[in-house]
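Protein sequences appear in the order of chains X and R.
The numbering used here numbers the first residue of the first sequence as 1 and each following residue consecutively.
The numbering used here numbers the first residue of the second sequence as 1001 and each following residue consecutively.
Some hints could be false.
Heads up, simulated DSBU-like pairs for lysine-lysine below, C-alpha to C-alpha not over 30 Å straight-line [stated by the list, open to error]:
#, chain 1, residue 1, chain 2, residue 2
1, R, K1132, X, K114
2, R, K1313, R, K1272
3, R, K1321, R, K1259
4, R, K1080, X, K114
5, X, K66, X, K359
6, X, K297, R, K1006
7, R, K1215, X, K246
8, R, K1265, R, K1303
9, R, K1005, R, K1071
10, X, K209, X, K66
11, R, K1272, R, K1297
12, X, K297, R, K1005
13, R, K1303, R, K1321
14, R, K1006, R, K1071
15, X, K246, R, K1132
16, R, K1313, R, K1234
17, R, K1324, R, K1298
18, R, K1324, R, K1215
19, R, K1141, R, K1151
20, R, K1150, R, K1234
21, R, K1259, R, K1353
22, R, K1132, X, K108
23, R, K1076, X, K114
24, R, K1256, R, K1355
No lab work stands behind these hints, which were simulated from the structure alone.
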Amino acid sequence: MYSSVNNRQMVYIILIVMTTYDVQSIPYILSRTTGRGGWVSVILTSLVFALIAVFITKLNNMHQGKTLFDYSRDIGGRVFAWIFRGLYLAYYFIIFVYNFTQTNNLIKAEFLDKSPIWATSLAGMVVYGLIAYRGIRNIARMFEVIVPLFLLFFILASVLALSQGLIYNIFPFFEPHRITDYLVSTQNLIVPFSGASALFAIPFTSRNKKAPIWAFFGVIMVGLYYVLLFEGCIAVAGINSMMHYKTAVIEAFRLVDFPILDRVDVFYLTVGFSGLFMGISLSYAVLVDYLCRIFSKLSRLVITIIAGCVLYTVSLFLKGLSELNDPFRIVFSVVVVISSIMAPTVLFITAKIKSAVGKNNAG
Amino acid sequence: MIMVKKAIYMVGIFALMLSVSGCWDANDINEASILTTVLLDKQDGEYVFYVEVANTEASGGTEGQSTQAEKFVIVKASGKTLAEAREGLNRQMRYPIYLSAVRALVLTRNVVKEDITTYLNRLRSNNDYRKKVILVTTNEKPEELFEVFKKRESVGFYIEQILEQLVAANQLTRRTTGRYIEIMTSSYSSFIIPNIRINGEAFEIDGFSVVLRNKLVGFVPNAEWNGIIFLNAKRPEINYVIPSDEVEYTILVTLKKRKVEPYYKNGQVSIKIRFVFDAEIEYSNGNDSGRLAEKDKKPVAEKLKKALERDIKSALETSQKEMKSDYFDFNNAFYMKYPRQYRELSWYEAYPKAKLEVETKIRIDELEIFDYGTHEIE
């Protein structure tokens, strides 16, 4: 089950994991914080995360055939390794719960309002479980089919939205006196850009030598894609409307006249959700991979089922107790910041220092 | 172990089968009250909903029978609040209400006079409505409006088709309810809504209701249609009849370019609107059919220029002096250029005092099938 991916599949993974749920709320987040100049924050954040993706891919290339689970011990020793294993286990767990609950809430709010969440999420959980059981390589193969469709649909819908929208809605494109807002707003984009850490769970081989370049441009591509989506949505729906809808993209697409289709948002149910489901499945699969390494005596099937039951219960529990949601968000933000920015940077610097020291000693 | 795997796959397939049926949201189309038109009125201080419901049972007979039968049923309900009126509707329906098929929302001017914020907010929060649904106003009595087609044709579909064909012919700007909601939530809220009236056994747009701060402030009749669409439609095409000596030329005028240039100096807002028109002689009542006599070229072009400027200035004057409402979205052009200043001033106060200047340029030509060369006038 443990297998590598090629560079193209890696870029698809970056794209889908980053855009899983938060792609819905990009126009909502930006219109509330930066207004029409939100693209500046997106580009700035994408540059930072492109660099992080380079760190991760370089680390993976330095330890070919291994994942973070294995090479964290080589870098910092046993205790260091367990800290990072625990951190990323928590990260993948939280990412899954976050995306899973948000997706179920989205399905209920926008499409199936009479269906109870326990039922829709159970149906979803079974599918995610089956995909996760098959492993990351199979998911990467599915990405090759789904991601181009997903991208094509979103880019086409965004271009149509831009062409059908009003130019007044997207200008002024840049307001110099709001530079501070643009900088501050980058913190709101950490979650939408945090997905590159999923690469820690994929062992690299010799065919991934150029992975850092692919990863860098992959993240930049995600940034440009967010910019296109944001501009398209505010052009067609207006910035005042976008700041009121948490699922702003669906609301904006409802206003787009699409060739053949009367309701683009219904098309979203198929193509848009397929990307969303793949992102959720990937975080489940990564989690199962980690647990398989920890509990090596248990079969993958048993781990998949137990993990599924725990994830399903926790997700329903967090949904049912709304007062827990705010503390959950704080924990979520802290874990995401540590595991998507701080940990890769610390690991990369430590590995580089160790490598340099090793070379000096050898010399 | 293989049996366990098979059992798990079976559970998975069963769960998927449950989900493809739409879960609890599955609904038979024959067991839904399909609304095609929604009209909201205010009578004696109460909100009154009139809804046109598709009579699905009438369409089930033979062809001859179905043309005789009423295809729509009108249901009325009132209440002190919108929610109460809606509950009244629910109590009269045989099946749950289905709103995604609504083609037109009609607001009587009685409703718009008071405030449309609540109604538009209600629409915004309701995902069942298409945000692309069109909105019109009327001064007609609701009962008479729904009797025009004797319930054999949908009023909402007809109104939507009128608007769509005018938009397709570049005679009107397409404004959906989503756009009205966007303007309503902006810091400056002013817009116009097409107004419909009964004309014999059909409907027509007889002008526009002007909404400022989400309340009706006036009505602009059809006479100002040309000026309005030159100011807010994309590429309108309108025929003008221009007399010159004994010949009358019918000229198709097409707006090629419109540029709004706002300026702000010493607290004074001024807006220059530049137009470039293509004018094409279609025909005349003279012997030469579509030929523009050389001696007539300059006077015809000048008369056309005057006629266009008169229409545009008249529309601007009504908007600025009479209605005090910027329903041409000049505020957006101003915000694009002066975002900081826009936030500091009140457009509600600035627009009526703004200096508006119109500049037109016409390129006059004969029909393309004639090879007559061009003449430009500034």
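These are the hints, each one checked on the structure:
1. R/K1132 with X/K114: Distance ~24 Å between R/K1132 and X/K114 Cα, so the pair holds.
2. R/K1313 with R/K1272: holds (12 Å)
3. R/K1321 with R/K1259: Roughly 22 Å separates the two Cα atoms, so the pair holds.
4. R/K1080 with X/K114: Holds. R/K1080 to X/K114 sits at ~28 Å (cutoff 30 Å).
5. X/K66 with X/K359: holds (21 Å)
6. X/K297 with R/K1006: OK: X/K297 and R/K1006 at ~23 Å, within 30 Å.
7. R/K1215 with X/K246: Roughly 28 Å between the alpha carbons, so the hint for R/K1215 and X/K246 holds.
8. R/K1265 with R/K1303: violated (34 Å)
9. R/K1005 with R/K1071: Distance ~55 Å between R/K1005 and R/K1071 Cα, so the pair is violated.
10. X/K209 with X/K66: holds (14 Å)
11. R/K1272 with R/K1297: holds (27 Å)
12. X/K297 with R/K1005: Judged against 30 Å, a Cα distance of about 19 Å means the pair holds.
13. R/K1303 with R/K1321: Status holds; Cα separation ~26 Å.
14. R/K1006 with R/K1071: It is violated: about 52 Å lies between the C-alpha atoms, which goes past 30 Å.
15. X/K246 with R/K1132: holds (19 Å)
16. R/K1313 with R/K1234: Given that 30 Å is the threshold and the Cα spacing comes to 18 Å, the pair holds.
17. R/K1324 with R/K1298: The hint is violated at about 37 Å.
18. R/K1324 with R/K1215: holds (13 Å)
19. R/K1141 with R/K1151: Within the cut-off at roughly 16 Å; holds.
20. R/K1150 with R/K1234: violated (36 Å)
21. R/K1259 with R/K1353: Distance ~21 Å between R/K1259 and R/K1353 Cα, so the pair holds.
22. R/K1132 with X/K108: holds (22 Å)
23. R/K1076 with X/K114: Given that 30 Å is the threshold and the Cα spacing comes to 27 Å, the pair holds.
24. R/K1256 with R/K1355: holds (24 Å)
Of the numbered hints listed earlier, those contradicted by the structure are 8, 9, 14, 17 and 20.
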